[in-house]
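Q: Starting from the given sequences, assemble the full structure and let the hints guide the process.
In the order they appear, the protein sequences are chains A and B. Just so you know, the working numbering puts 153 at position 152 of the first sequence, and the rest follows in order with no gaps. Just so you know, the working numbering puts 261 at position 260 of the second sequence, and the rest follows in order with no gaps.
Think of the hints as simulated: they come from the structure by calculation, not from any bench. One or more of the hints may lead you astray.
One copy or two, it doesn't matter: identical chains are merged, so the pair holds either way.
Said to hold, decoys possible - SDA-like, lysine to any residue: derived pairs with alpha carbons at most 25 Å apart: (1) 151 x 318; (2) 319 x 259; (3) 197 x 298; (4) 16 x 144; (5) 262 x 46; (6) 109 x 320; (7) 151 x 329; (8) 197 x 158; (9) 151 x 180; (10) 197 x 79; (11) 168 x 263; (12) 105 x 44; (13) 16 x 79; (14) 262 x 49; (15) 262 x 24; (16) 112 x 225; (17) 197 x 46; (18) 105 x 323; (19) 319 x 144.
Protein chains: 2
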Amino acid sequence: MSIRIGLYGYGNLSKGVEYAIMQNPDTVLAAVFTRRDPSTVRTITQGVPVYKSEDAPAHKDEIDVMIVCGGSATDLPVQTPALAEYFNVVDSFDTHVRIAEHFKNVDKVAKENGTVGVISVGWDPGLFSVNHIYGDAVLPVGRDYAFWGKGVSQGHSDAIRRVEGVKDAKQYTVPVPAALDAVRSGANPDLTTRQKHTRECFVVAEEGADKARIEKEIKEMPNYFADYDTTVTFITQEELDRDHSGLPHQGFVFRCGSIGKNGEDRAMIEYRLTLDSNPEFTASVLLAYARAAYRLSAEGFRGCRTVLDIAPSYLTAKTGDDLFAYLQ
Amino acid sequence: MSIRIGLYGYGNLSKGVEYAIMQNPDTVLAAVFTRRDPSTVRTITQGVPVYKSEDAPAHKDEIDVMIVCGGSATDLPVQTPALAEYFNVVDSFDTHVRIAEHFKNVDKVAKENGTVGVISVGWDPGLFSVNHIYGDAVLPVGRDYAFWGKGVSQGHSDAIRRVEGVKDAKQYTVPVPAALDAVRSGANPDLTTRQKHTRECFVVAEEGADKARIEKEIKEMPNYFADYDTTVTFITQEELDRDHSGLPHQGFVFRCGSIGKNGEDRAMIEYRLTLDSNPEFTASVLLAYARAAYRLSAEGFRGCRTVLDIAPSYLTAKTGDDLFAYLQ
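A: Quick look at the structure:
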């Protein structure tokens, strides 16, 4: 019997989950819920019903786990707790400073209604968090480093698009190679924001716009660009569409520990992701944790968990003696 | 209240655990058990009682978790199940093909006696296994690659020492850079044993020994060296002691997945360890899982688990709301 997955929302992330379902024979896409007119939404998988999002509760018996694919700013803080009244839910809530609050909201509803919630699933937060906790537990005397990129930052691309005279833009976050090398060398360097990452902006200006003013505004934008070495390259819409349409990303987590009698021996853990498609990979992680939510529910657990509270064996379709293969 | 750790055996690995205990304030070294005459064993930590190994059962109330530090070939298959009658036990059993059997032996005794066992803890098996399962669960369509080194292989060093005319030896396993590069490129190469690793042997010959014959015997040794490009360098005992006395090691686990609508997008996970001291790092992992064993026992769990069955949050001294820091 397959795990029946519901998708709440149908954008890039949801389509990534749909592709992941095709690779996981123990899962099936049972229904899609959308704020749009359902008759205008066609799923890639044939024969999947599309319902209006507000009708979701009526379909609670058709869904084992609902993957909530809204945005973290305004959608998920409302949607995930609301849906937890009816469904086991998984989301990719990634507003780091509000995760504890979101957890408590989902936990309360899930406990009251006998459902399971798994929040903040993906790679950061998500697999990066998992690596932070393993690294800190195994090497309590040590330092963490994290680098992101080369990859597209949607938030920074959006910020550039809000500058007057900008028609379209794409921003890449790029780790500074010398900083990566310094960390890998075991030097435990102190690194400023500027020393860790550069920001590369590809901008399509509106006709007649003052490019010098646009470049200055971008480079001086507080929080987003002022603390970084930023380059701005003006290109045409055709070039942007042709060369910058993908959503690749990369990331690195390091734990640099000191072990031994007097801390004289170095132990370093490096975890590195290289992704052609950020949303598709996040979706693949979401589906693995949807499987975990299903199992937790079947075991009688009620409430919210994060990636930190879920044993690795809950993520795989393998069970019992087949799991020993991972130890070989 | 600290977690009272017992050490069964007192060699390199046990001393590594002792150093790790110094870095983990919620743990304390409660006692050491040895096959030697206890009066000849002095622990690094002052005031730790040393008992004869056969007297261990009499001290069951003084120990929360016993870390069993014997060898995998003959010690652990006997010691870990036997000690599970009296103690929560953790070991680093690493004979990969016998892990399922060892698990069942420990599980049976632990269930009968209300104790917890955690077996095959370390990095391979151990953290590498954890990465294999996360990688396979998230990227079910993909390939695994693992590389070891540059690092000392104790088993291969021992094999060289058994060759006639060899006084002492140290063997390094070294990944082939071109093979690592090919994997990182996303080419998903098929690699033979010879293409993945080379073996570097540093040998001290006995006076008057036939070095050409020794070199030939090493290079043609089945299983150990015949399938590899092997170099043999003869050095003096002084050089061996001066330049090759450490136990450094490194290792890499890759999961190279295909995601997206038609598997056209690449997603790669690389997990890399760089260790000045292999036994000290293994010991640090053992102590983190001793904490997990203690918590599982306190929760009422009885039986055996592996690293696959234990949620990351069990490994750290942090609890409750402090765990959210890892998600930030």
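Q: All hints are to be evaluated individually against the structure, with a verdict given for each.
A: Consistency of the hints with the structure:
1. Taking CA atoms no more than 25 Å apart as the test, residue 151 paired with residue 318 passes in neither setting, with 32 Å inside one copy and 34 Å between copies.
2. In this assembly of identical chains, residue 319 and residue 259 lie within 25 Å of each other by CA distance solely across copies; the values are 19 Å between and 36 Å within a copy.
3. Taking the shortest alpha-carbon separations for residue 197 and residue 298, neither the intra-copy value of 42 Å nor the inter-copy value of 43 Å comes in at or below 25 Å.
4. For the homomeric pair residue 16 and residue 144, the shortest alpha-carbon distance between copies (23 Å) is at most 25 Å, but the shortest distance inside one copy (37 Å) is not.
5. Taking the shortest alpha-carbon separations for residue 262 and residue 46, only the inter-copy value of 10 Å comes in at or below 25 Å, while the best intra-copy value is 58 Å.
6. For a Cα distance limit of 25 Å, the shortest separation of residue 109 from residue 320 across copies, 19 Å, qualifies, whereas the shortest one inside one copy, 30 Å, does not.
7. Taking CA atoms no more than 25 Å apart as the test, residue 151 paired with residue 329 passes between copies only; the shortest distance there is 21 Å, against 34 Å inside one copy.
8. Proximity of residue 197 to residue 158 under the C-alpha cut-off of 25 Å is restricted to the intra-copy arrangement: shortest distance 19 Å within a copy versus 41 Å between copies.
9. Proximity of residue 151 and residue 180 under a CA criterion of 25 Å is satisfied in both settings, with 14 Å inside one chain copy and 23 Å between copies.
10. Within a single copy, residue 197 and residue 79 get their C-alpha atoms no closer than 35 Å, and across copies no closer than 51 Å, so neither meets the 25 Å cut-off.
11. For the homomeric pair residue 168 and residue 263, neither the shortest alpha-carbon distance inside one copy (58 Å) nor that between copies (32 Å) is at most 25 Å.
12. Taking the closest pair of Cα atoms, residue 105 and residue 44 never come within 25 Å of each other, the shortest separation being 33 Å inside a single copy and 46 Å across copies.
13. In this assembly of identical chains, the alpha carbons of residue 16 and residue 79 lie at most 25 Å apart only when taken from the same copy (22 Å versus 52 Å across copies).
14. Taking the closest pair of Cα atoms, residue 262 and residue 49 come within 25 Å of each other only across two copies (16 Å); inside a single copy the shortest separation is 61 Å, beyond that limit.
15. In the homo-oligomer, the alpha carbons of residue 262 and residue 24 lie at most 25 Å apart only across protomers (10 Å), although the nearest pairing inside one protomer, at 48 Å, exceeds that limit.
16. With identical chains, the CA atoms of residue 112 and residue 225 are never at most 25 Å apart, being 39 Å at best within one copy and 56 Å at best between copies.
17. In this assembly of identical chains, residue 197 and residue 46 lie within 25 Å of each other by CA distance neither inside one copy nor across copies; the values are 42 Å within and 40 Å between.
18. Within a single copy, residue 105 and residue 323 get their C-alpha atoms only as close as 35 Å, which misses the 25 Å cut-off; across copies the closest is 14 Å, which meets it.
19. In the homo-oligomer, the alpha carbons of residue 319 and residue 144 lie at most 25 Å apart only across protomers (16 Å), although the nearest pairing inside one protomer, at 35 Å, exceeds that limit.
Consistency with the previously given hints fails for numbers 1, 3, 10, 11, 12, 16, 17, ordered from lowest to highest.
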